[in-house]
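*Asks:* Given next are the chains, with one letter for each unit.
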Amino acid sequence: MGLGLPAIMKTTAARLSALYLLLFALCAILLVFYMTSLSARMLLAQTRETVNEEVLGLAGAYQRGGIPVLVRVVGQRSRQPGANLYLLADPNGRILSGNVQSIQPGVLERDGWTELPFSYERYGEIRRGEGGSDEQGVAVPAVGHNAIAVVLRLPNQMILMVGRDLGEPERFRSVVQRSLMVALGMMAVGGLLIWYFVGRRALKRIDDVSEASRRIMGGDLSGRLPVTGAGDEFDRLSENLNAMLARIAHLNEGLKQVSDNIAHDLKTPLTRLRNRAEAALSGKKSGADYREALDVTIAESDQLIRTFNAILMISRLEAGYSAEPLAKVDLGPVVRDVIDLYEPVAEELGVAFSSEASGEFVVGGNRELIAQALSNIIDNALKYSAGAVEKPAVAVSLERRDGEIRVTVSDNGIGIPDEGDRQRATERFVRLEQSRSQPGSGLGLSLAKAVMDFHKGRLDLLPGNPGLSVQMAFPGSKDE
Amino acid sequence: MLPLLSDKIAYNGAMKILVIEDDREAADYLQKAFGEAGHTAHVAGDGDSGFALADAGEYDVMVVDRMLPRRDGLSVIAGLRSRGNATPVLILSALGEVDDRVTGLRAGGDDYLTKPYAFSELLARVEVLNRRAPARESETVYRVGDLELDRLGHSVRRAGHEITLQPREFRLLEYLMRHAGQVVTRTMLLENVWDYHFDPQTNVIDVHVSRLRGKIEKGFDKPVLHTVRGAGYMLKAA
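Residue numbers (my numbering), protein chains in the order written: chain A, 2 to 481; chain B, 7 to 244.
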């Protein structure tokens, strides 16, 4: 991988691995300590139980035959192998019988339980450790064995001690400690392995994504992030980023197209405007001529402003931003208003204008935008129905169908026979060949489409029979 | 032959206009153009000085750009309104987001115009806003020359002859008569008669107006509904 340790620790995978390792280790240690202390306590209780039983047995012997029997039994039992300790001493603490050779001083002076482990030495064992007898000959226990014991004073002041070696619990503890060490070691190794396989893999994929984004930032906007098909988070991330890239590319394309089109479609009228002004200045002209030229200039500027506003409006709609939530709009009155607006125009153009738009059709939307889109569509329909073979006719209908609310404007003009042309017709500034002669900015349908996209609806251009049907399809409101 | 009225626009008297606009060139142009239209315009280049001028001076109309240095146009308007200053305000904006008009009017603006605009449009709107223009909202009968419109009775007469109008034509005439002597643009008509704020693509409004003109002028010698070229219409007794 070629990363130094600091670089590795900078990766999320390594940090997470380290953190998890630490947490698991901490938990394991706590758990093991809890378990050991619990088990140690249980073992101790068991040991005391055994000692108590021994004491009871010896007490029985004493009751049966007094000191002699007791001494005999102690002697017998001392010879048996096991962890039990027996010791009989005279009142001065001199050991008379038992399997203990020496004992930590002070233990025999205290009656009852010696809870704290003490050390002792057994007969017949090689001394371990560095202790030894002191100068008095009394055993100073070496680092021998540890035990707990109960000390009893017999009626004749002799001392009986019964105990049990603690070797077993200690062995248990050391076993647990060793296994804890081993477990921690294994955990560390496991963590490293997991990091190596999982973390490094994740790291690799992130590196791939970074690499791909660097390429894209480098100017290759068509580049996309790798998707492995595993369907995991990384794929989802890549898919979302790819969708974002596609959107950016689309917007970028739109922007490019707009600037091209602005350059083209605004340059033409601007040039015309300029030429007209120049022509007006040249030669001898009357005041009326000047006025005429200025009037035309104003009219052309207005058309330019109109085109410009339409471009801006489309861009804003495509940016899709609205500070206000979409209000509830009843399409019925909106459609009727626009029909009312265009009815005299249709009459003047000699177009039969019919409409079927009664009832209430509530959608979430912006009334102004919908009216503007519809007026653009009707405007187009009126223009293009002029090419009709029969009497030009435009019909507007408003209906609910297939869960959508549809406003359809149909004309009986020449229509757009080609499917591809129909799709292109809503693109900005696209004016199909047959419509070049018609006045207009070429933005009417694009604006209508932008409005429909803004409303999460569709603008469909359907072949009429004859002519063209333009359909605004709004998603039906949810409460219906 | 339609009368050419662009040089004969009759003003209801000169207005004192405050223009708050940070674009020096645009502000100078507005000042000059308002001056040529017979009004006096003062210019403030930022929100603070605009507010101070508006607060101190008696203006008939204010034209306020929305994006201003130091103090945003909407805040200037809201500040003036909260101090009881009711001077009509037209907001100019380079923004044109879908809801900007609503926001602007809610802040206390009386009208809203998006850049780029035609000066004729701005002038017509400013003249209609004029604080000192006679308030005709309360009048029940409008009279222009021999043309008479009864708002309560929904009837229109010219020289005593009853003229039958469709409801929409009636509202169109009502608006034109309320602003008789003032230029009314096509977008103003669409806004006030149809209650829509977009720019109609073709001559829809013209067709409505010419229909109305046919009804109120046919059979009478004197035209009352004049076309102001490059601007709009004006109802005016000859």
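Because the hints were derived from the structure by calculation, they are not lab data. As the structure is a computational prediction, the values presented were derived from the model and not from experiment. Backbone N, C-alpha and C define an ideal beta-carbon position, used for all residues, glycine too. Please note: incorrect hints may appear among the correct ones.
[To be verified] Derived pair list, reagent style DSS-like, types lysine-lysine, alpha-carbon separation capped at 30 Å: (1) 121/B with 329/A; (2) 257/A with 285/A; (3) 121/B with 257/A; (4) 286/A with 121/B; (5) 22/B with 392/A; (6) 268/A with 221/B; (7) 392/A with 257/A; (8) 121/B with 38/B; (9) 268/A with 257/A; (10) 22/B with 38/B; (11) 121/B with 221/B; (12) 285/A with 268/A; (13) 268/A with 121/B; (14) 285/A with 38/B; (15) 457/A with 121/B.
[Stated by the list, open to error] Computed, partial: chain B to chain A, Cβ under 7 Å: (16) 122; (17) 124; (18) 125; (19) 170; (20) 204; (21) 205; (22) 210; (23) 213; (24) 214; (25) 217; (26) 235; (27) 236.
[To be verified] Derived contacts from chain B toward chain A, CB cut-off under 8 Å, selection only: (28) 81; (29) 89; (30) 200; (31) 202; (32) 206.
*Asks:* For each hint, tell me whether it holds in the structure or not.
*Replies:* Okay, the hints, checked on the actual structure:
1. A C-alpha spacing of about 29 Å is found between residue 121/B and residue 329/A, which places the hinted pair at or below 30 Å, so the restraint holds.
2. The hinted pair formed by residue 257/A and residue 285/A fails the criterion: a straight-line CA distance of about 44 Å is larger than 30 Å.
3. For the hint linking residue 121/B to residue 257/A, the alpha-carbon distance of about 23 Å falls within 30 Å, and the restraint holds.
4. Of the pairs offered as hints, the one joining residue 286/A and residue 121/B is violated, with about 34 Å between alpha carbons and a cut-off of 30 Å exceeded.
5. For the hint pairing residue 22/B with residue 392/A, the CA-to-CA distance comes to about 55 Å; that exceeds 30 Å, so the pair is violated.
6. The suggested pairing of residue 268/A with residue 221/B is violated, with an alpha-carbon distance near 42 Å, which exceeds 30 Å.
7. In summary, the hint linking residue 392/A to residue 257/A is not supported, as the alpha carbons are separated by about 42 Å, beyond the 30 Å threshold.
8. A threshold of 30 Å between alpha carbons decides the hint, and for residue 121/B with residue 38/B the separation of about 18 Å falls inside it, so the pair holds.
9. Between residue 268/A and residue 257/A, the direct Cα distance comes to roughly 16 Å. Compliance with the 30 Å bound is thereby established for this hinted pair.
10. The straight-line distance between the Cα atoms of residue 22/B and residue 38/B is roughly 13 Å, inside the 30 Å bound, and the hint therefore holds.
11. Using a Cα cut-off of 30 Å, the hinted pair residue 121/B and residue 221/B is violated, with the two alpha carbons roughly 36 Å apart.
12. Only pairs whose Cα atoms come within 30 Å are accepted, and residue 285/A paired with residue 268/A is accepted, the gap being roughly 28 Å.
13. Between residue 268/A and residue 121/B the CA atoms are separated by roughly 20 Å; this keeps the pair inside 30 Å, and the hint holds.
14. Between residue 285/A and residue 38/B the alpha-carbon distance is near 29 Å, which keeps this suggested pair within the 30 Å criterion.
15. For the hint linking residue 457/A to residue 121/B, the alpha-carbon distance of about 28 Å falls within 30 Å, and the restraint holds.
16. For residue 122/B, the suggested interface contact is upheld, since its CB lies about 5 Å from the closest CB of chain A, less than 7 Å.
17. Contact between residue 124/B and chain A, as hinted, is supported at the beta carbon level, the nearest pair being about 6 Å apart and thus within 7 Å.
18. At its closest, the beta carbon of residue 125/B sits 10 Å from a beta carbon of chain A; the interface hint therefore is violated under the 7 Å criterion.
19. With 7 Å as the threshold, the beta carbon of residue 170/B stays out of range of chain A, its nearest partner Cβ sitting at about 16 Å, so the hint is violated.
20. This hint holds: residue 204/B has a C-beta 4 Å from the nearest C-beta of chain A, less than the 7 Å allowed.
21. Proximity of residue 205/B to chain A holds as hinted, the smallest CB-CB distance being about 6 Å (cut-off 7 Å).
22. Look at residue 210/B: its Cβ gets to within about 5 Å of chain A, closer than 7 Å, so that hint holds up.
23. This hint holds: residue 213/B has a C-beta 4 Å from the nearest C-beta of chain A, less than the 7 Å allowed.
24. Interface restraint check for residue 214/B: the shortest CB-CB distance to chain A comes to about 6 Å, inside 7 Å, so the restraint holds.
25. At its closest, the beta carbon of residue 217/B sits 5 Å from a beta carbon of chain A; the interface hint therefore holds under the 7 Å criterion.
26. A hinted interface residue such as residue 235/B counts as satisfied when its beta carbon comes closer than 7 Å to some beta carbon of chain A; here the least separation is about 5 Å, so the hint holds.
27. Using the Cβ-Cβ criterion of 7 Å, the hint placing residue 236/B at the interface with chain A is satisfied: the shortest such distance is roughly 4 Å.
28. For the restraint placing residue 81/B at the interface with chain A, the shortest Cβ-Cβ distance is roughly 17 Å, beyond the 8 Å limit, so the hint is violated.
29. Checking residue 89/B against chain A by beta carbon gives a least distance of about 27 Å; that is not within 8 Å, so the hint is violated.
30. For residue 200/B, the interface hint holds, the least distance from its beta-carbon to any beta-carbon of chain A being 6 Å, beneath 8 Å.
31. For residue 202/B, the suggested interface contact is upheld, since its CB lies about 5 Å from the closest CB of chain A, less than 8 Å.
32. Satisfaction of the interface hint for residue 206/B is found here, the shortest Cβ-Cβ separation to chain A being roughly 6 Å, below the 8 Å cut-off.
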